[in-house]
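Number of protein chains: 2
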Amino acid sequence: MEVPLESLKEYIRFSSVSTDSAHAQGMRGARAYAKKLLEQLGFKVEVVETDLHPILLAERHGSPDWPHVVLYGHYDVQPADPFSLWTDKPFEPTVRGGRLYGRGAADNKGPTIVHMAALARVLEKNPGLRLNITYVIEGEEEIGSPSMSTFFDKYAERLAKADFMLVSDTGIPNTEQIVITTALRGLVDLEIKLRGPKSDLHSGIHGGAVYNPLQALMEICASLHNPDGSVNVPGFYDDVVPVFDWERHELKCYPETLESYRQLLDVSAFYPANGLSPLEAVRFGPTLEFNGIGGGYQGEGSKTVIPSEAFAKITCRLVANQDPVKVQKQIIDVVHSRCPEGISLSIREGGIAEAYLVVPPDRPNTPVDQPPALASAFRAADVAIADQFGRVPIYLREGGSIPVIADFKKRAGLDAIMIGLFTPLDNLHAPDESFSLELMDNAIFAFERIFESIAKS
Amino acid sequence: MEVPLESLKEYIRFSSVSTDSAHAQGMRGARAYAKKLLEQLGFKVEVVETDLHPILLAERHGSPDWPHVVLYGHYDVQPADPFSLWTDKPFEPTVRGGRLYGRGAADNKGPTIVHMAALARVLEKNPGLRLNITYVIEGEEEIGSPSMSTFFDKYAERLAKADFMLVSDTGIPNTEQIVITTALRGLVDLEIKLRGPKSDLHSGIHGGAVYNPLQALMEICASLHNPDGSVNVPGFYDDVVPVFDWERHELKCYPETLESYRQLLDVSAFYPANGLSPLEAVRFGPTLEFNGIGGGYQGEGSKTVIPSEAFAKITCRLVANQDPVKVQKQIIDVVHSRCPEGISLSIREGGIAEAYLVVPPDRPNTPVDQPPALASAFRAADVAIADQFGRVPIYLREGGSIPVIADFKKRAGLDAIMIGLFTPLDNLHAPDESFSLELMDNAIFAFERIFESIAKS
Chain C
4 MEVPLESLKE YIRFSSVSTD SAHAQGMRGA RAYAKKLLEQ LGFKVEVVET DLHPILLAER
64 HGSPDWPHVV LYGHYDVQPA DPFSLWTDKP FEPTVRGGRL YGRGAADNKG PTIVHMAALA
124 RVLEKNPGLR LNITYVIEGE EEIGSPSMST FFDKYAERLA KADFMLVSDT GIPNTEQIVI
184 TTALRGLVDL EIKLRGPKSD LHSGIHGGAV YNPLQALMEI CASLHNPDGS VNVPGFYDDV
244 VPVFDWERHE LKCYPETLES YRQLLDVSAF YPANGLSPLE AVRFGPTLEF NGIGGGYQGE
304 GSKTVIPSEA FAKITCRLVA NQDPVKVQKQ IIDVVHSRCP EGISLSIREG GIAEAYLVVP
364 PDRPNTPVDQ PPALASAFRA ADVAIADQFG RVPIYLREGG SIPVIADFKK RAGLDAIMIG
424 LFTPLDNLHA PDESFSLELM DNAIFAFERI FESIAKS
Chain B
4 MEVPLESLKE YIRFSSVSTD SAHAQGMRGA RAYAKKLLEQ LGFKVEVVET DLHPILLAER
64 HGSPDWPHVV LYGHYDVQPA DPFSLWTDKP FEPTVRGGRL YGRGAADNKG PTIVHMAALA
124 RVLEKNPGLR LNITYVIEGE EEIGSPSMST FFDKYAERLA KADFMLVSDT GIPNTEQIVI
184 TTALRGLVDL EIKLRGPKSD LHSGIHGGAV YNPLQALMEI CASLHNPDGS VNVPGFYDDV
244 VPVFDWERHE LKCYPETLES YRQLLDVSAF YPANGLSPLE AVRFGPTLEF NGIGGGYQGE
304 GSKTVIPSEA FAKITCRLVA NQDPVKVQKQ IIDVVHSRCP EGISLSIREG GIAEAYLVVP
364 PDRPNTPVDQ PPALASAFRA ADVAIADQFG RVPIYLREGG SIPVIADFKK RAGLDAIMIG
424 LFTPLDNLHA PDESFSLELM DNAIFAFERI FESIAKS
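Chains as they are written, first to last, in my numbering: chain C, 4 to 460; chain B, 4 to 460.
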């Protein structure tokens with residue numbers, strides 16, 4: 004493998020925007036390039052066709068007695084528009100101030116190159132490395148991994164032979180402090196649609212006789228939270244896994260203060276999050292969030308109508324052990340029960356995703372049946388990161404969702420060690436996405452150690 | 004004057020859409036035609052220039068001892084689109100099934116022609132009719148009469164010499180039952196704009212830490228009504244004029260049942276209007292109505308953001324004696340007091356209009372200082388309508404607003420006798436607007452009697 008920076012530049016040049024068919028060539032290019040790199044590393048690569056973008060399934064298998072790790076990444080990227088906000092062109096990677104700029108530099112092409120470069124060094128030193136590796140690189144992560152379900156139908160059994168996963172698709176506070184993500188939140192999506200009169204009515208002639216669907220919508224939605232910020236849906240918190248003392252301790256090591264976080268968000272005050280601090284709330288608490296509302300007149304000024312229809316788009320972030328099917332039903336039931344007479348209600352049930360939680364070894368709540376290979380790998384990662392970065396990693400739950408991680412657990416029984424490599428400066432999903440070259444170097448060294456350690460376990 | 008139907012057809016052919024400068028020629032044509040008709044009736048017509056559409060001010064003045072009536076109408080019409088929903092072209096009037104179809108047929112060209120045709124007959128019989136008439140026909144009623152304020156600055160003193168107004172710009176339940184409208188609701192317009200974080204945030208990474216402006220908006224707006232349907236704004240009902248027993252009695256004569264009204268609105272249940280029946284609520288009660296709300300993602304499906312901004316457009320319909328300035332401030336104050344920390348609030352203060360109320364003579368609450376000429380004219384209208392239509396008129400407050408009527412009262416001290424001539428079948432402001440030819444005939448006869456009676460008072 005050539006110099007990692009050059010490989011990453013080459014990888015970025017393929018505009019692999021999965022959501023936009025205009026980038027079909029970029030998708031093909033990125034896929035072919037990733038396949039070539041994997042083959043250079045000695046993997047046997049299968050291109051698994053899907054309804055949309057094929058998945059790369061690469062294998063380096065020796066003896067079944069060797070440890071077996073699954074690496075996961077994605078070769079697709081977010082759209083780059085608005086292009087005018089980029090300093091340089093998004094698919095023409097450039098280095099400035101110790102960072103490589105380009106769409107996908109951090110999410111997820113940089114971390115993928117880190118993994119591959121580390122593997123290249125390890126295998127160069129020891130071509131007979133006693134480590135089975137299954138490398139899955141999909142092309143639909145940025146659009147919700149719709150093809151992974153079918154992929155699991157066919158390959159889950161094969162994947163289940165592995166011991167655990169290694170993933171780098173989560174965040175860290177800065178280039179000096181690595182975070183190992185121990186949980187991802189789940190998701191529930193639904194949309195409330197209300198209808199009052201069959202068409203907009205004159206608010207003078209009929210105002211007072213008709214339940215305004217905007218009013219009904221706002222009354223229903225306003226009822227979904229309590230003044231303390233908790234979600235007012237019966238049963239919502241029933242299955243929530245509590246926060247453990249060691250997790251609060253880890254959070255205290257996280258280099259973010261309430262004031263620095265408030266400034267980052269640029270708000271004058273935080274949400275009263277049900278007794279959690281804001282830094283806790285985004286990691287340990289479930290939410291019910293309104294993503295969009297609408298109805299009635301949308302233009303300038305005023306229009307004196309009683310509108311006919313209103314909608315609210317709602318998503319929940321769920322924490323470990325909450326059942327998204329159950330929560331979705333709880334919300335639907337409560338919305339039905341709070342809908343006033345004279346208003347008809349329909350609900351679009353959107354996608355759901357389970358939360359994911361893995362507990363590192365040697366914690367009070369570590370499952371007693373945690374596989375030894377997983378525990379060893381956690382310890383190996385801890386040591387390698389502490390040595391390379393001069394600081395032990397922080398073990399923290401994260402607020403975002405990567406549904407495919409829970410699916411790997413559910414479908415193939417694999418837990419994930421998620422070693423974050425994104426910083427807030429990386430501008431994920433935004434213009435001027437970049438990846439720190441210093442972090443890249445350090446991470447390659449750390450992963451080199453990690454691969455060597457887990458091969459010996 | 005030629006046959007009224009032909010005059011009305013001619014008047015409709017001018018596409019006098021005041022809101023759209025593309026119809027400047029139609030505006031000019033309608034104005035010139037109305038001026039010509041007034042001149043044929045012997046009026047001295049002044050074309051009063053305004054910033055937008057000139058106002059016709061026509062006078063037929065004899066002795067200052069004669070009774071003096073102000074007639075009001077408007078030569079502008081609503082836009083006709085969507086054109087595809089019209090059976091025939093909106094500005095090519097056609098007669099079908101006893102109705103004349105065309106934009107403006109009912110609002111307000113038909114009623115204007117009724118008044119003029121009645122005057123023509125009266126003056127033909129009695130050219131020396133002892134009646135001073137000031138005829139005001141404006142061209143901006145459909146856009147909120149913005150130029151009338153300046154008009155009053157110049158002409159209020161002259162108008163104040165009249166005794167009362169006669170207006171036909173309100174509704175009736177059907178062509179057999181005339182309603183004399185005794186009140187119009189006032190209006191308060193405002194828009195709440197909330198801002199949370201400075202830009203949309205990722206609902207996973209930051210969900211739980213930030214007050215979602217959509218949630219804040221819905222909580223504030225939901226707080227503006229009580230479960231009984233009343234408006235939950237301190238002081239809102241302080242100055243509300245009560246409903247009088249005779250008004251409830253009049254409403255009982257109104258040919259609409261709860262069931263027929265429910266079917267008309269096509270709702271499964273009415274709004275719980277603070278103890279008023281739906282038919283009372285739209286006439287006797289003030290409202291606070293949401294006309295439009297929005298914020299966050301508006302497309303299909305879902306987007307997991309915490310939006311940055313939200314808005315709600317609110318208008319109130321006020322009843323007599325409520326001060327719109329005071330009510331607007333009450334709402335603004337309450338919205339400010341209910342806005343949570345972390346959310347910044349701005350409010351657009353839109354237009355306001357006072358409600359209008361006139362009490363016919365011989366009622367328990369008739370003002371003791373009601374001018375005799377007004378009382379006589381009410382009695383004359385009652386008799387003429389009862390004779391011509393075979394039924395006494397119903398005296399009822401109406402839910403809509405015609406701000407200029409309250410302005411005539413405030414600026415020139417003139418009360419209005421509002422004799423409705425629109426039916427629900429007339430499709431005001433909608434495709435296939437029409438005017439009943441039978442009603443037109445009967446109304447001309449009735450107004451002929453009314454003009455003759457008031458000239459003798």
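It should be emphasised that the hints constitute simulated quantities derived from the structure, not laboratory data. Do not take every clue at face value.
Since the list gives no way to pick one copy over another, a pair counts as held whenever it fits inside one copy or between any two copies.
Quick list of in silico lysine-lysine cross-link-like pairs, BS3-like style, CA-CA up to 25 Å [claimed, not checked]: (1) K128 / K157; (2) K306 / K332; (3) K255 / K332; (4) K196 / K306; (5) K412 / K39; (6) K329 / K412; (7) K412 / K201; (8) K196 / K92.
Evaluated hints:
For the identical chains of this complex, K128 and K157 are neighbours neither inside a copy (35 Å) nor across copies (97 Å), given an alpha-carbon limit of 25 Å. In the homo-oligomer, the alpha carbons of K306 and K332 lie at most 25 Å apart only across protomers (20 Å), although the nearest pairing inside one protomer, at 36 Å, exceeds that limit. Proximity of K255 to K332 under the C-alpha cut-off of 25 Å is found in neither arrangement, the shortest distances being 36 Å within a copy and 47 Å between copies. For a Cα distance limit of 25 Å, the shortest separation of K196 from K306 qualifies both inside one copy, at 21 Å, and across copies, at 16 Å.
For the identical chains of this complex, K412 and K39 are neighbours neither inside a copy (28 Å) nor across copies (85 Å), given an alpha-carbon limit of 25 Å. In the homo-oligomer, the alpha carbons of K329 and K412 lie at most 25 Å apart inside one protomer (20 Å), although the nearest pairing across protomers, at 62 Å, exceeds that limit. With identical chains, the CA atoms of K412 and K201 are never at most 25 Å apart, being 47 Å at best within one copy and 37 Å at best between copies. In the homo-oligomer, the alpha carbons of K196 and K92 never lie at most 25 Å apart, since the shortest distance is 41 Å inside one protomer and 36 Å across protomers.
The structure shown violates the earlier hints numbered 1, 3, 5, 7 and 8.
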